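K.L.:
Construct the entire structure; sequences and hints are all you get.
Protein chains in written order, with this note's numbering: chain G, 256 to 435; chain H, 5 to 480.
If you're looking for bench data, these hints aren't it; they were derived computationally from the structure.
Small disclaimer: the values here were computed from a predicted structure and weren't measured.
One or more of the hints may lead you astray.
For lysine-lysine, the following DSS-like pairs were computed, each having C-alpha atoms within a straight-line distance of at most 27 Å [claimed, not checked]: (1) 391/H x 364/G; (2) 332/G x 209/H; (3) 387/G x 23/H; (4) 209/H x 321/H; (5) 394/H x 364/G; (6) 354/G x 397/H; (7) 397/H x 364/G.
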Amino acid sequence: MNKKKIATVWLGGCSGCHMSLLDIDERILDVAALADIVKSPVVDGKEMPEVDVAIVEGAITSDEHYEEILHIRKQAKILIALGDCAIHNNVTGLRNFFKLQEVFDTSYKESPSNDADGVMPDDPLLLKLNEKVIPLSEVVDVDFFINGCPPDADYIFYVIFEYLNERIPQPGGHKKIQYG
Amino acid sequence: MDKKKIIISPVTRIEGHAKISIDLDEYGYVSDAHFHVDEFRGFEKFCEGRLYTEMPVITPRICGICPVSHTITSVKACEMIQGIQPTYTGNLLRRLMLLGQNVSSHALSFFHLSAPDMLLGFDADPAKRNIIGLAQSNPDIARRGIRLRQFGQEISERITGEKIHSKGIVPGGMAVPLTKENKKYLLGWIHEATETTLMALDILKIFIQTNQDMVNSFATSPTMYLGTVGPNGEHELYDGKLRFVDEEGTILQDQLSPKKYLDFIAERSVGFSYLKYPYYKPLGIEKGIYRVGPLARLNVATKMKTTKAQHEFDIFKRLGKGKPVHGTFYFHFARLIETLASIEEISHVLHDDEVTSHHLKHNGYWNYDEGIGCAEAPRGTLFHHYKTDKGGKLTNVNLLIATGQNNPSMNRSVLDVARQYVKGPDIKEGMLNRVESAIRCYDPCLSCSTHAMGKMPMKIEVKDANGKIVKQLVRE
Ligand code: SF4
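P.N.:
Structure representation (structure tokens):
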């Protein structure tokens, strides 16, 4: 069997899903034996190459995320939505109840620790936040949803391991699927 | 020649989403540098209108690397609103949780993110310069690093049943006890965790010895420091008072109540970053740059609470010859000394007979309309400040995050390193990695600081004054 390629990507999330992925502990070495991790927050990634499995944490909050998820879909045979933010916005989407401008004003103008001389972040280098946060499946087809906030490490390992062995994981195929 | 700009986008192997830009003058020398933090999630707004008691469950979702710090800081703010204190056992268990998270976060920073540079070399193949590459060349070191992180996570798992965003920490104490079996299990890790940390200290010391010039000239601009200390100035993470020291090490403020943070800290929003610029208010934004985190905590502390850590602390203090240690590289050293201290303290707390008691929680109700909580997160001092209406609904939320407070000096460190390593538009891979590693020394958690998150390919653009790309470099 050829060595597979995996990418793990962070969009609008808290990194908890990636931390849960790291909570597979030494089994990360079993994954590394079957696949090269070609792009991930914990390695020096380059442009995203074609991969067998892409695992995406977080919702889509900005123009850059939007472009990125399209690119990931193009490059990945299997796209996994990792965690509740990627699946249905979750905490990241709580700002949808407010206008983006109000959310900015609260942090950059009205916060009690702010001094009077601040300006709004507006550098062209910064990404542009979208008015509303949306989950991955509103933009692309998703092949597997791993639920939880964050998902259980054993469940994450089960799903990755099944795909790497060219089997299709079953929802509930791992006993400990739970929220929290 | 036109003025040029080098953009490193996004910074890799750090926990978050950021760009660095380096401006060159007409002679090709570095004229300025900026660290652009590139994400924003808006917790301060969307928590408004919710009940204050929801905050210990919402705020850990700011950051999956230090969720315990947010929960603990949040329940402290809730306790001020209720006017109650946690039980003795509640405090012990929370302290354990915080120390455990400190171990796992510091282990991640050292073994997963920084050791590859030290062991494989800053100029090694980028595809190999990571924890997996490390596992191939030094399998024993990588395995032990992974297990040290696991130990920290196990503490949360064994107390609350969850490693991340655990639910058992509540106003008034804890909702779940530690069983005798789990206490025994956790004690079983102490020896291995201590040995691994001592091994990491050896790796770091050898690296420092063989790279003296780099280490001692690496982003050394002096700053002030802020950290939490105990009643006698001892190093403290969970519960204490604040101390500010200046560049010379003179104590400016001591035994400050965190509740007065607004008297001493102000921040300014800046155009180039979603991350604000906090500063020490009495001195203003120019002179009041201060740092927080492991280096700051050791610089402000008078002593450590445990013996092995005290031994390393003495070595650390000698580096500064009585003054604070400003070299940014020494963040790594400070982080490992704290890891050792945390493991020793975990062992002490576990040996307290009350740790398995069921006197877990005091009950409280809404009494006051304002609460401020503070604790030392792995990356530095963390503040939560809530105001509520009479029904306990939040009317105002202010979060002052560790990495945010290091933002001004991260910018300065990037400039320091850029001046030293980037000369002209001729950029080499190793140089860029050094600029980034200045940032990595701070172990910035950008998910926290902008209440945000990130991603990481690697493309460098050199732009002229009109924004036209004159050179492009993709990392291989
Ligand atoms: S699902 Fe939960 S753990 Fe995952 S990124 Fe979102 S908030 Fe964090």
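K.L.:
Now, for every hint given, state plainly whether the structure supports it.
P.N.:
Checked hints:
no.	hint	verdict
1	391/H x 364/G	holds (17 Å)
2	332/G x 209/H	violated (45 Å)
3	387/G x 23/H	holds (23 Å)
4	209/H x 321/H	holds (15 Å)
5	394/H x 364/G	holds (25 Å)
6	354/G x 397/H	holds (20 Å)
7	397/H x 364/G	holds (22 Å)
In this structure, only the earlier hint numbered 2 is contradicted, and the remaining ones agree with it.
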